[in-house]
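A.B. asks: Single-letter residue listing:
There are 2 protein chains.
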Amino acid sequence: MRYFLHLAYDGTLYHGWQVQPNTLTVQREVERCLSQVLRQPISTLGSGRTDTGVHASHQVIHFDAELPAGLEEATVVYRLNRALPPGIATRLLHEVPPRAHARFDAEARTYEYHVRTVPDPFSVAHSLYLDRHPDVEAMNEAAASMIGSFDFTSFSKVKGGENHYVCTCYEAGWHEEPGGLVFRIRANRFVRGMVRLVVGTLLAVGRGKITAAEFKAILLAQSRVDAGSAAPAQGLFLSRVEYPEGLVPEAAAPTGMPYFAGRPR
Amino acid sequence: MRYFLHLAYDGTLYHGWQVQPNTLTVQREVERCLSQVLRQPISTLGSGRTDTGVHASHQVIHFDAELPAGLEEATVVYRLNRALPPGIATRLLHEVPPRAHARFDAEARTYEYHVRTVPDPFSVAHSLYLDRHPDVEAMNEAAASMIGSFDFTSFSKVKGGENHYVCTCYEAGWHEEPGGLVFRIRANRFVRGMVRLVVGTLLAVGRGKITAAEFKAILLAQSRVDAGSAAPAQGLFLSRVEYPEGLVPEAAAPTGMPYFAGRPR
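Chains Z and V, in that order, are what the protein sequence lines are. Those letters in the first sequence? Residues 1 to 265, by UniProt numbering. Those letters in the second sequence? Residues 1 to 265, by UniProt numbering.
Please keep in mind that the hints were generated in silico from the structure rather than gathered at the bench. Predicted model, so just to flag it, every value in this text is computed and none were measured. Relax, there's no trap hidden among the hints.
Stretch-level coverage of chain Z by chain V, calculated; a stretch enters the list once three of its residues show a Cβ under 8 Å from a Cβ in chain V:
hint, region
1, 8-22
2, 86-95
3, 121-127
The beta carbon of each residue, even a glycine, is placed where N, CA and C say it ideally should be.
Chain Z on its own, in the form it takes in the complex (with noise of 0.2 Å):
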């Protein structure tokens, strides 16, 4: 049987979600928790990776397994919680088709940035603290510039490892909270680093650096030489994956689930 695990974790701790050698990244405790609980050795794939320090409100991987006769899902859930460190959670795990793929299946992905205007000492390691307010408007109006289907060369970490750079992005913008901004951006398929790149670059925007159309210059040049620097990692989540319809049930939806919301509330 195929199966989808919905988690969240806290990114500080680990080497991202991706299995490396010697490192302590999210899948490895992940991998072995299940097969600790299911008994039985489990890989898993997940929906996308995240780096080094980037936190996930919602990620969403994919493992075969028989689970013991008699064995609930729910009763997986919660002793997979007890087995997990406490910066990784999991709400809900379901069988899918046996060929449904975390990755493949995706349809959007968003993430979520998120900014303190305010000093918070609560927040220091889920956001980044800036200590003047940015020109928000500015920002969304570069950030607008996004939305439709771009090469992102400009905001990729490196070349190489990616098929092609063209992105489809449905949603780009701030929005303000009290004390703070958080920015949000769905889109099809991100390439790497791209998010960081892109809210560095936003942020320069905001600060009066730059001006929305040279943001929009930077990204139409599909070059990566001129993009800002990378934003801090732990401002950033993964906040949501979604499937075609009827794949995932509706009480996966991150929408008021206190874990998966960007920040805790």
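With chain Z fixed as given, assemble chain V onto it according to the hints.
C.D. replies: The following block gives chain V in isolation, referenced to the frame of chain Z:
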């Protein structure tokens, strides 16, 4: 001139509020940064101690200083936030009459204890996780028995160091919030370790280990031996310190301030 400074801090990294030899405390960091920003040695006095690992979303301290000519209070706040480590922040500095006292003039203090009943990887450092939902009604029945003036010897950490154990409790109760619960207790004063022992014992009521009537009997016994074990420090926040009208500006009220909230929003 005497000043009140309003602070918030994440207690995770600190051995409580009060300066002790050879340990990292919040007071030590605040005095170091105040002395640096004001260019004179500064000694502070807090409204009360917080123990190792306990947070404050609103702590008030006083100190005496001559502000350099032309240096505005808001500028001191700005510079102080730049100097302070990320887990400590200030929002307000204001002059008070020369004999105003952060501890003796405080009329009420409020503590909050945060519990999660849904696993939340982002609030591990700021809450206690319970994997079963406690009986809130029973806990609130027990909590109500503390309203009024009682000798809290049963819920004090150690005998000694206090003149008396009588506290007048104005509010004590649990409130549901998404994914968890908050216990709020407001009193004229607290004895050492009181909130953690009260919460630990209330959680025993919530698990059905003791009844609300037994909780009340423990309180009235004025004996430390019967109380439950102390709830862990990481869920506890000093969340408000109140003074007589006029001593503290309206702006100091924690309502709606993101980092004055018991937990990050």
